[in-house]
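There are 2 protein chains.
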Amino acid sequence: MTITKSIAKVRSIIKKQKLKNKIIGFVPTMGALHQGHLSLIKKARKDAGFLVVSIFVNPLQFGPKEDYRIYPRNFKKDRALLEKERVDLIFYPYPKNMYTAGFSTYVEETSLSKSLCGKSRPGHFRGVATVVTKLFNIVQPDIAYFGRKDYQQAQVIKRLTQDLNIPAQIRILPIIRQKSGLALSSRNAYLSQKEEKKALVLYQSLRLARNLVKQGQRKPHFIKTKIAKLINSRKNLKIDYIELVDPKTLKPVKKIDKKTLLALAIFVGKIRLIDNTII
Amino acid sequence: MTITKSIAKVRSIIKKQKLKNKIIGFVPTMGALHQGHLSLIKKARKDAGFLVVSIFVNPLQFGPKEDYRIYPRNFKKDRALLEKERVDLIFYPYPKNMYTAGFSTYVEETSLSKSLCGKSRPGHFRGVATVVTKLFNIVQPDIAYFGRKDYQQAQVIKRLTQDLNIPAQIRILPIIRQKSGLALSSRNAYLSQKEEKKALVLYQSLRLARNLVKQGQRKPHFIKTKIAKLINSRKNLKIDYIELVDPKTLKPVKKIDKKTLLALAIFVGKIRLIDNTII
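So the sequence lines, in the order shown, correspond to chains A and B. Heads up: the first sequence at position 206 corresponds to 206 in my numbering, and the numbers run straight through without jumps. Heads up: the second sequence at position 110 corresponds to 1110 in my numbering, and the numbers run straight through without jumps.
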């Protein structure tokens, strides 16, 4: 396993692998790896002749009041996990080498990125789209892997890849959950034991919605109100959004008469967590 | 020489050439080729093992009141010229295949693109940056060639290539002029004989500025006023802008005490023409 911070070194390694006609698999991460990441990496390991994982906490996708500084970082632990998964190359760049003096170019998806998390986190998806474009240009993957937990992110990345003719396939893999139902997230590391229990309300909300729909409920407003009631009945929880949207356009639906995405963002104490499901 | 409208075909041809370790040269154009384009193509032919020219009048870089519909198009003539220059591949896409349904991702350079033509043509450089990123992702050139006549465009493209880690070198080649001094431009085709004579005012303005600086003049305001006077003394000319800027930042200079870019945009009748020089 090669570990490098150098963009030039990644390029020269990838160039050699491409000349050997190897399929380049790529899993971009912000580190603090958990079983969600590892599910992507295991799948990528099966598909790819050469597997790259990047670890980069991207300052551009954090708002000024968000958790960039305290975002969990544990390179040693991550490295050991990636070694075990037989990753070929870890790209672990410095922010100053990703965003050099005079940096002034951004990639912006202007439709899918505007609802849901895009409303609560202005600039977030511009940061994501920009860094993913950069990483794709550096690593030049044939296939890149993203988790469905960040459903909107995955859709934005699929869209930008198509729109900008980036020659990579995008594969989106299922949410990995704890036995309790809590979706795995690097941000779960922030939660106290008590908060982790409180965070189960996300999964409970998804189940509540699922049951209501099973019972024949078709009105998004009714379902959202029920979920809001559940959440507001408990302490230290704050709703960022509860939305029922078309899974392709991410625009609110008026009636649940076909596959619909339920997406939630909830503050548990100060920690913002998201979850989603197709119902 | 292969001619194709198919993105997939370009990709498969390029992939083969890359596996042969050929250097891919690329000259993106909007067609209506003139000696300015040909100077880029001749240089590219010397550098590259495989030479691609694209012909695509990019709707995204034209404003709603600009000349997209009437922009000169002459594929037969262009093809003959490119054949003669021993171009390997012409990529000649349909707009609908470059901008498919749901297209919503844009590349935007937010500093260099804001002055000069960026002020008069809002959205223009976003359109340029987006299409160039797309073309680079399709053609995957090792070296791409642009003319200095579109000085600001060249700077924006250099910047975005660096910022987005696009693995292409950008080469910028000198302005090609008629004997009269008029800079070659596809838009010159719009000019009547009378207007073409009037258009010489651009080159005369550059010479005027040059002479003033030679004589020791250091004040941008003085030079701009002199040029404006020259232009306004003639009929059917309208100034869009006259600017003296730092050639790297494209921001106005207060004093001409180092290399300075003089950039002009002038309407000759209804035709907007640009020119520039370093003084």
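Honestly, the hints are just simulated from the structure, not real lab data. Be aware that one or more of the hints could be misleading.
[Unchecked claim] Reference listing, derived: stretches of chain A covered by chain B, where coverage requires no fewer than 3 residues with Cβ under 8 Å from a Cβ of chain B:
#1 14-26
#2 98-104
#3 110-122
#4 157-164
Ideal placement from N, C-alpha and C gives every residue a C-beta, glycine not left out.
Against the structure, the hints:
1. With 3 residues having a beta carbon nearer than 8 Å to a beta carbon of chain B, the stretch 14-26 of chain A meets the requirement of three or more and the stated coverage holds.
2. Here's how the stretch 98-104 of chain A fares: 4 of its residues keep a CB closer than 8 Å to some CB of chain B, so the rule of at least three is met and the hint holds.
3. As drawn, the stretch 110-122 of chain A meets chain B at 3 residues by the rule of a beta-carbon pair under 8 Å; at three or more, the given contact holds.
4. Only residues whose beta carbon comes within less than 8 Å of a beta carbon in chain B count, and the stretch 157-164 of chain A has 5; three or more means the coverage holds.
Figure legend: structure checked against the earlier numbered hints; every hint is met.
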